[in-house]
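Novice: Here is how the chains run, residue by residue.
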Amino acid sequence: MRKLFIISTAIFWLAVAGFWLADFRTATVPVAAVPPVAEPAVRGYLLVEVAWHAKPDDCWMAIDGSVYDITAYLPDHPSEPELILPWCGKEATQAWQTKGKGRSHSPRANQLLEKYRIGVLS
Amino acid sequence: MRAAAAKRQAQLTARPHSAWAHRFAAPFAALAPTLAIVWWAFPEDLPLWRSIAIVSAWAGSGLLVMSLVLMVREPHAARLLGGLESMYRWHHRSGMIAYLLLLCHPLTLALDGWIEAPPLAWQALAPWAQSWPLWLGWSALLLLMFGLTTTFAARLPYRRWRAFHFALGLGVLLGLAHIYALLGGADMLLLLIIVTAVALGWRLIASDLGVAARPYRVTQVTHHVGGMIEVRLMPCATALAVSPGQFILVAFGDGHTYHGCGEYHPFTVSGIEAGGSLRVGIKALGTCSQRLQSLEPGVLVRVQGPFGIFLSESPSAPQLWVAGGIGITPFMAVLRAHPCNRPTTLLYLFRNEADAAFLDELAALATTDPQFELITDASDKGLPDFPELLGKIGQIAAREVYICGPMPMVEALLPHLRQMGVAAESIHFERFDFR
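Chains as they are written, first to last, in the numbering used here: chain A, 1 to 122; chain B, 1 to 435.
Heads up, some of the hints might be wrong.
What the hints assert, rightly or not - Simulated restraints on C-beta separations:
#, chain 1, residue 1, chain 2, residue 2, range
1, B, I205, A, H77, 16 to 22 Å
2, B, I205, A, A17, 38 to 44 Å
3, B, L100, A, D57, 25 to 31 Å
4, A, A51, B, T149, 32 to 38 Å
5, A, I11, B, A206, 54 to 60 Å
6, A, S8, B, A424, 42 to 48 Å
7, A, S8, B, M407, 23 to 29 Å
8, B, A153, A, D57, 48 to 54 Å
Bear in mind the hints are in silico, worked out from the structure with no lab data behind them.
Idealized CB from N, CA, C, for every residue including glycine.
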């Protein structure tokens, strides 16, 4: 069992390091190498721009590649504020898909969310 | 002392043929609730890796909580769950499987992110991209990692090892707090929190602090050969109902000049007397048992138990008992309780006669009890000549064999027994380790 512990822990940290390295390599691709793209029809936001709106009175979230400004909806959200507020300014796809029991939000909630869409994540 | 687990001993136990329920009770207790939790939390319509992440998290949490239940030292629960040995084995196994599952949880979340967009993978793991509910999860996992690292550190002294082991309990609590912060008070989660609180509370308050213990007093200390003492314990209140072959957990207090180490250690009962007095044999093996050699009458002790299921079912076949050194104590308890009711041969192995406790008493029993035969062997260095010794025993293949002694002796003896035709299910011993 001792051997299993050592091997599994080592594999775990190697995998974490692998994800970090992969991220490091993609993040250091020179900006000039990215071909210029046509102006998108919908406004694109960087995750860092989303992160500027991380307050209860100014709350944006990125979900499934779209960006939402849900500040106006926050007071109506059924859960306790401490469950939803930590996701302001974040990539919140996980949280959206794992509400309660690990289940996603309802189709009705999906429709409601669309009303607050302000752009896409670029 | 069995608790000074550096000296691992094979503790004799009965493993009756019909006792499959005993063998499967502990794994059932670990796995059945876990499967129920996974069934309850099984994700619908989610991507594959996210589903695996959710299932691994709930299965890991369920197993972790049940591993806490399996370390509760309570005589009734132990009887129900097939004995402490089986409970501890499954405490270890379920804890380890839970750890593996919980390692998969963040990795599969990262894989899920990777499939959506590679930069999301690292974002799912990077601590600075997280909020406090996820930091709770990371803290829990790192505490489990730390606790298990110390658990597997073989050279750590028992007391320090036990202190570090508490990190694992704290890891479980933080893990549950992580789920609570993310999901809120789901019924299943509240149930897990209650079970954890009861198991940890019971273990800490009733077992470790000794609230459930009975008071006894040392009335006699007999010094035997080979650095062994036999202590007579008289109940100060209601006596425990102990059967020969069982063991008890004892914490020795202070006397006029004696200062006990105060922590609970297991001792096999070597005699049960009228009025509920118990005798335990203690050999100087660890720091605590070394100190016990200067024990004096009058010292108050706290006793928990009894534990163990030795000969809870009596097969009618003739028996062979093999005792190595201090492993003689459970056999002494049986022999002192009543004459043998079937042909019984005791093979008593020791380093030399000056090291062999109870030799005179055993020789006297062998002359008065026609069913009881005593064979002794002194092997100064190394292991005894097992083929020669076993050759002296008539109808060996038809016997039920019970072994109690150091693990290297048991492991060396097993292949010889099998070679002599003893069926595997007729060989009874227990790998007991309190770590």
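Novice: With reference to the structure, classify each hint as holding or not holding.
Specialist: Status of each hint after checking the structure:
| no. | hint | verdict |
| --- | --- | --- |
| 1 | B:I205 / A:H77: 16 to 22 Å | violated (41 Å) |
| 2 | B:I205 / A:A17: 38 to 44 Å | holds (42 Å) |
| 3 | B:L100 / A:D57: 25 to 31 Å | violated (44 Å) |
| 4 | A:A51 / B:T149: 32 to 38 Å | holds (35 Å) |
| 5 | A:I11 / B:A206: 54 to 60 Å | violated (39 Å) |
| 6 | A:S8 / B:A424: 42 to 48 Å | violated (31 Å) |
| 7 | A:S8 / B:M407: 23 to 29 Å | holds (26 Å) |
| 8 | B:A153 / A:D57: 48 to 54 Å | holds (51 Å) |
Checked against the numbered hints given earlier, this structure breaks hints 1, 3, 5 and 6; the rest are met.
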